[in-house]
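Participant: Letter by letter, the chains look like this.
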Amino acid sequence: MSRRRRVGTALGIAALLAATCAVGGLPGAYADDAVTVLERARTATVREDFAGTVQIEWLDDGGWRSARTKVTGAGGAVQVGEGARQAGGRAEDRWIAGVTGWKVGWDEPVARAAPSPATRWDLTMATGTPVAGRATVMVTASDPKTGAPRVRAYCDKATGVMLRREILDRQGRVVRAVGFVEVARLGGATAVPPTTPQAAERRPSARGADPTPDAVRALPAGGAAPDRVTGFVLAGRYERSDGTVQLYYSDGLFGVSVFQQVGVLDPGGMPVADDRTRVRDTAALGYEVAGGSVLVWERDGVTRTLVSDATVADLRDFAVAFDDRAADGRGLVDRVADFLFGPFGWR
Amino acid sequence: MSRPPIPPTGSGSGSLDPDDTVLSAYLDGECTDAERVALDARLADSADLRAALAEVAAARDAVRGLPLRDAPPGFFERLLAEGLPEAPAAGPMETPAPVPGPAPAPSPVDLAARRARRTRRWTAVGGAAAAAMIAVVVVVPRPASVTPPVATFTDAHAVRSSLQDDVVSSLVPLGVRAGFRP
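Protein sequences appear in the order of chains A and B.
Each residue of the first sequence is one higher than the one before, counting from 1 in this note's numbering.
Each residue of the second sequence is one higher than the one before, counting from 348 in this note's numbering.
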């Protein structure tokens with residue numbers, strides 16, 4: 001073996017050892033891969049108690065908007081907000097507080113697991129910048145076609161709790177972020193879980209009907225529920241008490257809710273749209289709010305509202321694909337009616 | 348069926364007024380000279396006949412004013428096939444000659460009758476189509492209009508999302524003002 005070759009071999013071994021040490025420097029739970037880190041973060045708030053302040057920021061019509069709220073977690077029960085704007089969760093139950101008190105927001109078991117984020121995204125892991133004074137591990141999810149980062153998740157090194165999540169647009173610019181700006185307590189678990197609103201104040205809403213969505217198998221006329229839409233997988237479909245059908249799609253990284261109402265869109269009484277856009281040849285309303293991006297449009301007498309933490313541009317692609325899949329699934333009678341009455345604009 | 352002959356003015360059959368078929372032929376210029384002269388004389392004498400002529404003219408103009416539409420394939424063939432049985436039993440003078448040879452050219456009277464029949468058929472077809480379209484508009488209900496409660500939907504999405512994603516970052520929007528502009 002020549003001297004040059006021995007030096008090269010030594011350097012290679014040294015690099016391998018350095019890489020091993022770097023990974024070994026992380027807690028054992030993070031020595032796996034990015035998927036494990038994300039999965040651990042998703043369930044960390046059940047295991048770890050915490051308290052602090054979270055800030056949510058989003059880009060709206062070219063300007064940043066932000067809001068802060070208190071969050072606490074104890075014994076697996078999470079609570080966010082104060083006063084008339086609060087929400088809580090434990091296991092598969094959720095509660096929402098309003099001016100009339102707490103009401104149940106969800107009590108359905110989740111039947112289908114979300115797909116792995118690695119199915120659609122390239123995941124990488126690196127040491128992240130500190131968040132609220134805590135050391136983090138950063139997982140970046142990138143578009144495999146463009147290489148553009150679309151999500152960055154900063155997870156606490158010690159506990160695995162997700163401390164910050166950034167959503168980036170297709171050009172790699174941050175357009176939405178939610179994260180701790182203050183951590184008062186983090187780590188450990190309460191032996192006795194606190195009393196939850198579910199046990200104390202579960203009651204129907206003022207409408208006198210169960211406000212929680214129920215899982216449904218059969219969709220009302222005009223509804224559609226394709227199993228897959230542009231990399232998203234249908235993870236559940238539910239019917240609300242007003243007849244609205246909610247479909248929930250996930251690609252492991254983003255979630256998209258599709259709310260379907262039978263009827264033509266009447267925009268009167270709706271909030272002022274941030275973005276008057278189009279879904280193919282149909283006018284649509286776009287919003288950027290704290291809860292995510294919203295897109296509303298109507299086709300064939302069915303009004304659909306998409307809500308997601310993905311960007312409006314992503315939602316437009318989703319909407320076009322959804323419309324196509326919905327049209328594919330329409331029956332012969334509907335197609336004949338379209339053929340006959342379409343030119344007259346009756347449908 | 349041929350139209351009845353136009354009785355001459357002052358003849359014993361003066362009570363037999365020309366029917367719509369004759370008047371239509373008159374308007375179309377399909378009467379013979381003698382018939383036209385006879386009818387002109389009757390029109391000069393009879394206000395009722397002039398009124399009848401005016402009605403036929405108005406109806407004819409209304410029908411001809413209808414927009415033209417392409418008929419479906421085979422429509423005319425079916426229509427003509429259905430129209431054949433309606434033809435009345437031919438009289439001795441109209442019985443086709445059993446001998447081979449070119450058929451005699453139809454007389455102007457036959458043409459007028461055929462045209463009048465066609466006009467009535469088209470009027471009936473047009474009326475039926477119009478009635479069907481009105482029935483469809485009235486009977487087929489327009490879908491109701493809906494105004495999506497986008498703020499409620501946004502909250503519902505956050506709740507559902509928190510079941511499969513990070514709970515804190517999913518539920519935080521429920522703890523702050525949504526940000527919709529009224």
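Hints listed in this document are in silico derivations from the structure and should not be mistaken for laboratory results.
Do not rely on the hints blindly, as some may be mistaken.
What the hints assert, rightly or not - Now the in silico label distances, taken between C-beta atoms and shown as ranges: (1) A218/A <-> A476/B: 50 to 60 Å; (2) T494/B <-> T119/A: 53 to 63 Å; (3) A491/B <-> T119/A: 34 to 44 Å.
To be verified - Okay, the calculated bits of chain A under chain B, using three or more residues with CB under 8 Å as the criterion: (4) 54-62; (5) 68-77; (6) 80-87; (7) 120-127; (8) 136-150; (9) 181-187; (10) 315-324.
Said to hold, decoys possible - On the chain B side, residues computed to face chain A include the following (Cβ under 8 Å): (11) V384; (12) D387; (13) L390; (14) A391; (15) R465; (16) W469; (17) G473; (18) S509; (19) D513; (20) L521; (21) V523.
Treat the numbers as computed from the prediction; the structure is a model and nothing was measured.
For each residue, glycine too, the CB sits at the ideal point set by N, CA and C.
Participant: A separate judgement is required for each hint: does it hold in the structure or not?
Facilitator: So, going through the hints one by one against the coordinates:
1. A218/A <-> A476/B: 50 to 60 Å: violated (38 Å)
2. T494/B <-> T119/A: 53 to 63 Å: Given range 53 to 63 Å: violated, Cβ gap about 37 Å.
3. A491/B <-> T119/A: 34 to 44 Å: 39 Å Cβ-Cβ, so the 34 to 44 Å window holds.
4. 54-62: As far as the stretch 54-62 of chain A goes, the hint holds, because 4 residues have Cβ atoms under 8 Å from chain B.
5. 68-77: holds (count 5)
6. 80-87: holds (count 6)
7. 120-127: violated (count 0)
8. 136-150: With 0 residues closer than 8 Å to chain B, the stretch 136-150 of chain A misses the three-residue bar; violated.
9. 181-187: Per the Cβ count (0), the hint is violated.
10. 315-324: This one is violated; 0 residues, fewer than the three required, reach chain B with a Cβ under 8 Å.
11. V384: violated (51 Å)
12. D387: Since the shortest Cβ distance to chain A is 47 Å, the answer is violated.
13. L390: Where the cut-off is 8 Å and the nearest Cβ of chain A is about 45 Å from L390/B, the hint is violated.
14. A391: violated (50 Å)
15. R465: violated (27 Å)
16. W469: The hint is violated - W469/B has no Cβ within 8 Å of chain A, the shortest such distance being about 22 Å.
17. G473: At about 18 Å, which exceeds the 8 Å cut-off, the nearest Cβ of chain A leaves the hint on G473/B violated.
18. S509: holds (6 Å)
19. D513: D513/B check passes; min Cβ-Cβ to chain A is 5 Å, inside 8 Å.
20. L521: With Cβ-Cβ at 4 Å, under 8 Å, it holds.
21. V523: holds (4 Å)
Consistency with the previously given hints fails for numbers 1, 2, 7, 8, 9, 10, 11, 12, 13, 14, 15, 16 and 17, ordered from lowest to highest.
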